[in-house]
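2 protein chains.
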Amino acid sequence: MNETVAMQDLYPENVAHCYGCGRLNEDGLQIKSYVDGEETVCHFRPRSYHTAIPGYVYGGLIASLIDCHGTGTAAAAAYRTDGREPGSEPPVRFVTASLKVDFLRPTPLGPIIELRGRAREVRGRKAILDVELIVEGQLCARGEVVCVRMPEEFGK
Amino acid sequence: MNETVAMQDLYPENVAHCYGCGRLNEDGLQIKSYVDGEETVCHFRPRSYHTAIPGYVYGGLIASLIDCHGTGTAAAAAYRTDGREPGSEPPVRFVTASLKVDFLRPTPLGPIIELRGRAREVRGRKAILDVELIVEGQLCARGEVVCVRMPEEFGK
Chain A
5 MNETVAMQDL YPENVAHCYG CGRLNEDGLQ IKSYVDGEET VCHFRPRSYH TAIPGYVYGG
65 LIASLIDCHG TGTAAAAAYR TDGREPGSEP PVRFVTASLK VDFLRPTPLG PIIELRGRAR
125 EVRGRKAILD VELIVEGQLC ARGEVVCVRM PEEFGK
Chain B
5 MNETVAMQDL YPENVAHCYG CGRLNEDGLQ IKSYVDGEET VCHFRPRSYH TAIPGYVYGG
65 LIASLIDCHG TGTAAAAAYR TDGREPGSEP PVRFVTASLK VDFLRPTPLG PIIELRGRAR
125 EVRGRKAILD VELIVEGQLC ARGEVVCVRM PEEFGK
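In order, the protein sequence lines correspond to chains A and B. Take 5 as the starting number for the first sequence in the working numbering and just add one per residue. Take 5 as the starting number for the second sequence in the working numbering and just add one per residue.
These are computed hints drawn from the structure, not numbers from a lab. A few of these clues could be false.
Unchecked claim - Footprint (simulated), chain B over chain A, 3 or more residues, beta carbon under 8 Å:
1) 10-24
2) 90-103
3) 129-136
C-beta atoms are modelled at their ideal positions from N, C-alpha and C, and glycine is treated no differently.
Just chain A, same shape as in the assembly:
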């Protein structure tokens, strides 16, 4: 597996404009998920204005990170399930059907955020992902993302 390319950088050009993770969205967050064994990992440094209560990270940003890292994790898992290299044809692009975030403790604003994703289930067009959000070794939020493979008519 090519572990140096982010899953999102393998999305086809016509669906690479996501505000969260699209490489072609210059105003976006540019969230990137990398394969790390059975897991996926993402590192993100929030901007100073991504505040909730002063000193802590905004929950909507946390939800965004979990969302895009979830779809990236789904793509990685689908390539693995298919037994082929990430980036091989046809490309894999999931979209989110539902997102659940539990904010376990306030997430300190400043340090780099780490997200770890794992596929709980990949079956047919559907995938269920578990994502943990960690700052300085502390689990701050936990997410569950249900994704489906993007319908063909999207992005056309």
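We have chain A already, so just place chain B on it with the hints.
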């Protein structure tokens, strides 16, 4: 009730920097929730770069809108449950404990987004809110937000 002031504009100054809804966050989204009878309403026009797949609204923005409209709805409901005017002392500020979003259909990017919030339960320090996200009369997403009153030590 003063229905012309957004719930978020009643948050105390030291906790009004939220990227989603803080009036003191100049880089933020400035989400505003207004009381409308038993419900709360919010209108938001996404920026052109708030894309998911081209033509549709980014799911992380949808989660952010539901999050901040949820906490605003919780504040409105708490004032109502207390039998007092929004803005009366002591101020009410909820924070999100968990957030669930079901993306029912792609949300078209361009038109104004409407959110409608309703309190399912307000008990002690906890509130559960239901939020619907509607574009041009179509229900596009549904959210459930569990909030708790902000601990006193926050924002100090």
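Each hint, compared with the structure:
1. 10-24: The restraint on the region 10-24 of chain A holds, since 6 of its residues have a Cβ under 8 Å from chain B and three suffice.
2. 90-103: Check passed, 5 qualifying residues.
3. 129-136: Result for this restraint: violated, n = 0.
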